[in-house]
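With the sequences and hints as input, model every part of the structure.
What follows is each chain in one-letter form.
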Amino acid sequence: MYRYDEFDQTFVRQRVAQFRDQVARRLSGDLSEEEFKPLRLMNGLYLQLHAYMLRVAIPYGTFCSRQMRQLADISRHYDRGYGHFTTRQNIQFNWVKLDEVPDILAALAEVEMHAIQTSGNCIRNVTADPFAGAAADEIEDARIWCEIIRQWSTLHPEFSFLPRKFKISVNGAIEDRAALRVHDIGLQLKQNDTGEIGFEVMVGGGQGRTPMIAKSIRSFLPKEELLSYLESILRVYNLLGRRDNKYKARIKILVHDLGAETLANMVEREWQQLREGYVNLPDSELARIACYFAPPDLEDAAETDNGLDRARRANGQFESWLEHNVNAHKQPGYAIVTISLKPEGGVPGDIDADQMEVVADLAQRFSHDELRATYQQNLVLPHVRKRDLHVVWRLLAAHGLSTANHGLISDIIACPGMDYCSLATARSIPVAQSISQRFNDLTRQKNIGDLRLNISGCINACGHHHVGHIGILGLEKNGAENYQITLGGRSDRSAAIGEIIGPAFSAEKIADAVETVIDTYLDLRQPGERFVDAYARLGRGPFKERLYATH
Amino acid sequence: MPLIKNGAITDDPWQFPAEDGPMPETGSVAVSLTQWQREKAVLLARSTPLGLLLTGNDSLDNIVPNITAYDLIAFVFPTFQDGRPYSMARLLRERYGYTGELRATGDVSRDQFLFMYRCGFDAFAVSAGNVIEDWLRAVSEISIWYQPTNDPRSALTTLRHKLHALE
Ligand code: SF4
Numbered sequence: 001m002y003r004y005d006e007f008d009q010t011f012v013r014q015r016v017a018q019f020r021d022q023v024a025r026r027l028s029g030d031l032s033e034e035e036f037k038p039l040r041l042m043n044g045l046y047l048q049l050h051a052y053m054l055r056v057a058i059p060y061g062t063f064c065s066r067q068m069r070q071l072a073d074i075s076r077h078y079d080r081g082y083g084h085f086t087t088r089q090n091i092q093f094n095w096v097k098l099d100e101v102p103d104i105l106a107a108l109a110e111v112e113m114h115a116i117q118t119s120g121n122c123i124r125n126v127t128a129d130p131f132a133g134a135a136a137d138e139i140e141d142a143r144i145w146c147e148i149i150r151q152w153s154t155l156h157p158e159f160s161f162l163p164r165k166f167k168i169s170v171n172g173a174i175e176d177r178a179a180l181r182v183h184d185i186g187l188q189l190k191q192n193d194t195g196e197i198g199f200e201v202m203v204g205g206g207q208g209r210t211p212m213i214a215k216s217i218r219s220f221l222p223k224e225e226l227l228s229y230l231e232s233i234l235r236v237y238n239l240l241g242r243r244d245n246k247y248k249a250r251i252k253i254l255v256h257d258l259g260a261e262t263l264a265n266m267v268e269r270e271w272q273q274l275r276e277g278y279v280n281l282p283d284s285e286l287a288r289i290a291c292y293f294a295p296p297d298l299e300d301a302a303e304t305d306n307g308l309d310r311a312r313r314a315n316g317q318f319e320s321w322l323e324h325n326v327n328a329h330k331q332p333g334y335a336i337v338t339i340s341l342k343p344e345g346g347v348p349g350d351i352d353a354d355q356m357e358v359v360a361d362l363a364q365r366f367s368h369d370e371l372r373a374t375y376q377q378n379l380v381l382p383h384v385r386k387r388d389l390h391v392v393w394r395l396l397a398a399h400g401l402s403t404a405n406h407g408l409i410s411d412i413i414a415c416p417g418m419d420y421c422s423l424a425t426a427r428s429i430p431v432a433q434s435i436s437q438r439f440n441d442l443t444r445q446k447n448i449g450d451l452r453l454n455i456s457g458c459i460n461a462c463g464h465h466h467v468g469h470i471g472i473l474g475l476e477k478n479g480a481e482n483y484q485i486t487l488g489g490r491s492d493r494s495a496a497i498g499e500i501i502g503p504a505f506s507a508e509k510i511a512d513a514v515e516t517v518i519d520t521y522l523d524l525r526q527p528g529e530r531f532v533d534a535y536a537r538l539g540r541g542p543f544k545e546r547l548y549a550t551h
Numbered sequence: 552m553p554l555i556k557n558g559a560i561t562d563d564p565w566q567f568p569a570e571d572g573p574m575p576e577t578g579s580v581a582v583s584l585t586q587w588q589r590e591k592a593v594l595l596a597r598s599t600p601l602g603l604l605l606t607g608n609d610s611l612d613n614i615v616p617n618i619t620a621y622d623l624i625a626f627v628f629p630t631f632q633d634g635r636p637y638s639m640a641r642l643l644r645e646r647y648g649y650t651g652e653l654r655a656t657g658d659v660s661r662d663q664f665l666f667m668y669r670c671g672f673d674a675f676a677v678s679a680g681n682v683i684e685d686w687l688r689a690v691s692e693i694s695i696w697y698q699p700t701n702d703p704r705s706a707l708t709t710l711r712h713k714l715h716a717l718e
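Here the protein sequences line up with chains A and B, keeping their order. The first sequence begins at 1 in the working numbering and counts up by one. The second sequence begins at 552 in the working numbering and counts up by one.
Hints were generated in silico from the structure; no laboratory data involved. Errors might be hidden in some of the hints.
To give a feel for the contact side, a few chain A residues facing chain B, derived at Cβ under 7 Å [said to hold, decoys possible]:
1) Phe7
2) Thr10
3) Gln18
4) Leu39
5) Gln151
6) Thr154
7) His156
8) Pro157
9) Glu158
10) Phe161
11) Leu162
12) Arg235
13) Asn238
14) Leu239
15) Val279
16) Glu285
Stretch-level coverage of chain B by chain A, calculated; a stretch enters the list once three of its residues show a Cβ under 8 Å from a Cβ in chain A [claimed, not checked]:
17) 634-640
18) 660-667
Predicted, not measured: the structure shown is a model, and the values here were computed from it. Ideal Cβ placement from N, Cα and C applies to all residues, glycine included.
And the structure:
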């Protein structure tokens with residue numbers, strides 16, 4: 001993974017000192033909260049319902065054991081002993097104190113981390129396929145480009161006061177595990193007819209109150225020219241994006257209002273001028289960065305079994321975990337392990353300090369010191385020898401981290417909702433907990449099969465409900481929380497926005513309603529048909545009928 | 552309102568006549584784009600320096616044709632959140648070769664100075680509370696830059712490149 005050089009290190013230290021000064025000015029009253037707000041947001045600091053929340057960047061979800069241990073320490077010293085992984089591959093601390101934040105940032109800088117641009121109307125922390133560098137279906141490691149984008153976008157002088165926040169995601173594999181099509185810019189690495197590698201560029205995806213799927217504006221961009229092209233898109237957006245209404249300020253609205261083709265032409269025109277004389281990254285710099293992402297020193301082991309099969313047969317729980325939480329690695333003899341942060345009845349994405357240390361140890365001992373945070377609020381050990389899988393599983397199991405539900409109905413994405421968030425209209429965590437308890441039987445979950453259930457506590461859609469196969473949106477009506485269901489959403493290559501199925505359900509009824517949806521699917525599915533495919537075939541009708549039949 | 556230019560407090564020689572007010576007989580004047588378009592001939596006939604007072608709403612297409620006529624281009628930031636002048640400043644400097652004074656005025660505070668400076672602004676009309684020391688501190692708080700711009704200080708890619716060349 002990328003390591004800071006002396007320049008990067010100086011930069012984050014200066015940034016900490018700068019923020020320390022800004023906090024001091026706030027505490028002394030030199031800065032009003034209004035003046036301070038944009039400054040703290042640019043350092044990932046929010047004011048929530050009960051306390052300040054600090055969102056720490058894990059650029060493109062890649063980190064190491066030393067960093068994870070530091071996060072554990074920070075959670076013990078400055079928070080309540082736990083952290084929360086988000087859908088943007090970041091980690092949030094929910095109970096920090098303002099005067100201690102500069103010290104937290106200094107502790108992060110010690111391990112080459114920061115909280116820069118995890119908030120505010122700027123280019124946010126860039127995200128990627130959590131299996132990058134390990135996936136069997138990979139074209140090129142997306143993280144090289146993510147790091148280049150991270151550096152380019154850091155305190156970009158021109159793009160730090162955009163109309164609204166701006167999210168970029170990069171995918172280097174065939175399968176889209178990075179939800180490209182619901183990002184402001186989605187970059188898909190691909191090979192063209194002549195064998196060159198470049199990007200397909202998609203623009204204008206997003207969720208919130210006006211969910212949209214990104215449109216492709218360039219089918220092939222030579223990769224050396226990535227930054228000048230990104231700069232052109234951002235410039236067009238910075239100049240033309242709406243600033244009069246924050247709900248209409250994202251680039252998706254500009255794409256929608258102008259039409260993708262017009263926008264593509266404007267970007268192209270700007271790019272033709274900008275690329276003249278643009279200082280592309282020198283090859284030496286590209287090579288320097290790429291070097292950090294060279295594949296780890298994996299054994300050239302032929303697929304030696306070493307008792308894996310015996311252990312699998314002997315233990316049904318281990319077998320289930322292998323089936324759901326272990327994915328194919330590009331190197332034979334290795335596997336990608338997903339650590340579910342969705343135990344039965346738990347808070348999706350939460351992890352306590354002891355567990356963080358266990359995961360750090362496992363990464364160090366069994367995964368070339370690499371860890372990933374995922375869009376689905378789980379963690380990944382990307383390079384585990386198959387023959388170590390059993391011992392990894394046992395150690396995870398000993399610390400409540402072996403839930404074998406990756407990709408199943410209880411692998412729920414949920415935003416913090418009313419329990420923390422000042423914008424929430426309803427709670428989302430208790431709903432996630434009740435659904436995970438309702439479907440606690442793993443055999444039943446396996447029978448239901450591949451399913452994404454996503455929950456948001458308000459229309460801002462941080463819980464990605466629009467792209468859940470089953471989406472749940474928490475609303476408030478006459479002082480009571482109620483929950484709207486959408487069906488058929490997805491964030492993969494065939495991304496789609498879920499359809500609202502009908503009137504909302506009360507907090508007490510929502511788990512029943514989900515169960516009805518699932519029962520309908522089980523009754524009507526064809527052999528081997530996933531929920532989302534069955535929904536595409538059947539449409540809203542049968543689900544709606546069953547859900548509202550008794551009302 | 553104090554004016555900071557080239558790292559020092561400077562007297563402001565510019566006059567900004569009101570949209571419908573009389574044009575000062577002598578001295579440097581900066582006008583809106585509407586005034587400019589209305590009185591272009593009269594303005595060009597003067598022998599004193601001319602400038603423009605713009606907002607993010609103005610289009611550069613209307614400015615570029617006469618760009619050599621201006622010694623000052625000032626952008627008003629109605630709120631610090633208006634990020635358009637940053638792009639416009641870079642375009643003026645880097646694409647259209649504007650070399651006159653580029654001034655930021657309006658909701659301008661020391662925490663934006665650094666971004667503005669790197670986009671090509673070289674003059675800042677600040678509210679009285681801001682002192683020069685703050686400004687000098689603000690532009691030196693961060694010394695590492697990842698993006699090449701018109702800023703005379705080297706961007707990181709160049710520094711790294713030099714370092715590699717030495718090795
Ligand atoms: S979706 Fe709404 S409630 Fe949930 S985190 Fe986002 S803003 Fe808060």
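Here is what the structure says about each hint:
{"no.": "1", "hint": "Phe7", "in the structure": "holds (5 Å)"}
{"no.": "2", "hint": "Thr10", "in the structure": "holds (6 Å)"}
{"no.": "3", "hint": "Gln18", "in the structure": "holds (5 Å)"}
{"no.": "4", "hint": "Leu39", "in the structure": "holds (6 Å)"}
{"no.": "5", "hint": "Gln151", "in the structure": "holds (5 Å)"}
{"no.": "6", "hint": "Thr154", "in the structure": "holds (5 Å)"}
{"no.": "7", "hint": "His156", "in the structure": "holds (6 Å)"}
{"no.": "8", "hint": "Pro157", "in the structure": "holds (4 Å)"}
{"no.": "9", "hint": "Glu158", "in the structure": "holds (5 Å)"}
{"no.": "10", "hint": "Phe161", "in the structure": "holds (3 Å)"}
{"no.": "11", "hint": "Leu162", "in the structure": "holds (6 Å)"}
{"no.": "12", "hint": "Arg235", "in the structure": "holds (5 Å)"}
{"no.": "13", "hint": "Asn238", "in the structure": "holds (5 Å)"}
{"no.": "14", "hint": "Leu239", "in the structure": "holds (5 Å)"}
{"no.": "15", "hint": "Val279", "in the structure": "holds (5 Å)"}
{"no.": "16", "hint": "Glu285", "in the structure": "holds (6 Å)"}
{"no.": "17", "hint": "634-640", "in the structure": "holds (count 5)"}
{"no.": "18", "hint": "660-667", "in the structure": "holds (count 6)"}
Checked against the numbered hints listed earlier, the structure breaks none of them; every hint is satisfied.
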